[in-house]
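Participant: Letter by letter, the chains look like this.
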Amino acid sequence: GENVEQHPSTLSVQEGDSAVIKCTYSDSASNYFPWYKQELGKRPQLIIDIRSNVGEKKDQRIAVTLNKTAKHFSLHITETQPEDSAVYFCAASRESNTGKLIFGQGTTLQVKP
Amino acid sequence: DVKVTQSSRYLVKRTGEKVFLECVQDMDHENMFWYRQDPGLGLRLIYFSYDVKMKEKGDIPEGYSVSREKKERFSLILESASTNQTSMYLCASSLVRGPGTQYFGPGTRLLVL
Numbered sequence: 001g002e003n004v005e006q007h008p009s010t011l012s013v014q015e016g017d018s019a020v021i022k023c024t025y026s027d028s029a030s031n032y033f034p035w036y037k038q039e040l041g042k043r044p045q046l047i048i049d050i051r052s053n054v055g056e057k058k059d060q061r062i063a064v065t066l067n068k069t070a071k072h073f074s075l076h077i078t079e080t081q082p083e084d085s086a087v088y089f090c091a092a093s094r095e096s097n098t099g100k101l102i103f104g105q106g107t108t109l110q111v112k113p
Numbered sequence: 114d115v116k117v118t119q120s121s122r123y124l125v126k127r128t129g130e131k132v133f134l135e136c137v138q139d140m141d142h143e144n145m146f147w148y149r150q151d152p153g154l155g156l157r158l159i160y161f162s163y164d165v166k167m168k169e170k171g172d173i174p175e176g177y178s179v180s181r182e183k184k185e186r187f188s189l190i191l192e193s194a195s196t197n198q199t200s201m202y203l204c205a206s207s208l209v210r211g212p213g214t215q216y217f218g219p220g221t222r223l224l225v226l
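Chains as they are written, first to last, in my numbering: chain C, 1 to 113; chain H, 114 to 226.
Quick caveat, the hints were computed from the structure, so don't treat them as lab data.
Incorrect hints may have been included.
Unchecked claim - Heads up, simulated PhoX-like pairs for lysine-lysine below, C-alpha to C-alpha not over 20 Å straight-line:
| id | chain 1 | residue 1 | chain 2 | residue 2 |
| --- | --- | --- | --- | --- |
| 1 | C | LYS57 | C | LYS37 |
| 2 | C | LYS71 | C | LYS57 |
| 3 | C | LYS37 | H | LYS116 |
| 4 | H | LYS170 | H | LYS116 |
| 5 | H | LYS184 | C | LYS42 |
| 6 | C | LYS22 | C | LYS68 |
Said to hold, decoys possible - These stretches of chain H come out as covered by chain C in the derived footprint (C-beta under 8 Å, 3 or more residues):
| id | stretch |
| --- | --- |
| 7 | 149–156 |
| 8 | 161–174 |
| 9 | 181–192 |
Where a beta carbon is used, it is the ideal one built from N, C-alpha and C, also for glycine.
Sequences are here, hints too, so could you generate the full structure?
Facilitator: And the structure:
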């Protein structure tokens, strides 16, 4: 069945360094790839998404890249800050009328001051 | 501002009890979802609904049922709670039927004794 693998499960960086989280997906028909951030004790919230007709998208310090041939996509956070500490989830979806997302297992990012 | 609310933040139930978790969204969203969140397993879809009285099984529907009698309300029912259903339950909604932003509720942490 459809599957999204996310790595690493935990990531610790120093403040100011970059962080990269990678996901691979199994369904070649997937064409929508969002990233959600969940701070401790809070609900997940969308931070960025990308559709398959583009290879990269940026929003200030965060960017997502997509390689459809290899079926993987990545989240890049530059100049990390302590408030970036959270659990990050990638997800994948195919164009359909249900909006169903398949989520990865999550990455706990810790940014050390 | 989209608001998704869940009936309880914390719930303690006994094995064998019937449990109702309720989710309400106030933005006239078409789609509603129920996930369970467990450490290391990410967000796993239990059931979703793309219209009133419509429901579809997600990845882990066993032991659960759902009800959507009104557009704004989506209920998750544990017919006979078991200890392996101890988890965080998250409800979400999205506006359109295709892939798009999912807005999450605050979650219900359920403990089954």
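Participant: Run every hint past the structure and note whether it holds.
Facilitator: Hints, one by one, checked against the model:
Of the pairs offered as hints, the one joining LYS57 of chain C and LYS37 of chain C holds, with about 17 Å between alpha carbons and a cut-off of 20 Å not exceeded. Between LYS71 of chain C and LYS57 of chain C, the direct Cα distance comes to roughly 17 Å. Compliance with the 20 Å bound is thereby established for this hinted pair. A threshold of 20 Å between alpha carbons decides the hint, and for LYS37 of chain C with LYS116 of chain H the separation of about 17 Å falls inside it, so the pair holds. As the CA atoms of LYS170 of chain H and LYS116 of chain H are separated by approximately 24 Å, the hinted pair breaks the 20 Å bound.
The straight-line distance between the Cα atoms of LYS184 of chain H and LYS42 of chain C is roughly 25 Å, outside the 20 Å bound, and the hint therefore fails. Between LYS22 of chain C and LYS68 of chain C, the direct Cα distance comes to roughly 13 Å. Compliance with the 20 Å bound is thereby established for this hinted pair. Under a criterion of three residues with beta carbons nearer than 8 Å to beta carbons of chain C, the stated coverage of the stretch 149–156 of chain H is upheld, 4 such residues being counted. Only residues whose beta carbon comes within less than 8 Å of a beta carbon in chain C count, and the stretch 161–174 of chain H has 5; three or more means the coverage holds.
Under a criterion of three residues with beta carbons nearer than 8 Å to beta carbons of chain C, the stated coverage of the stretch 181–192 of chain H fails, only 0 such residues being counted.
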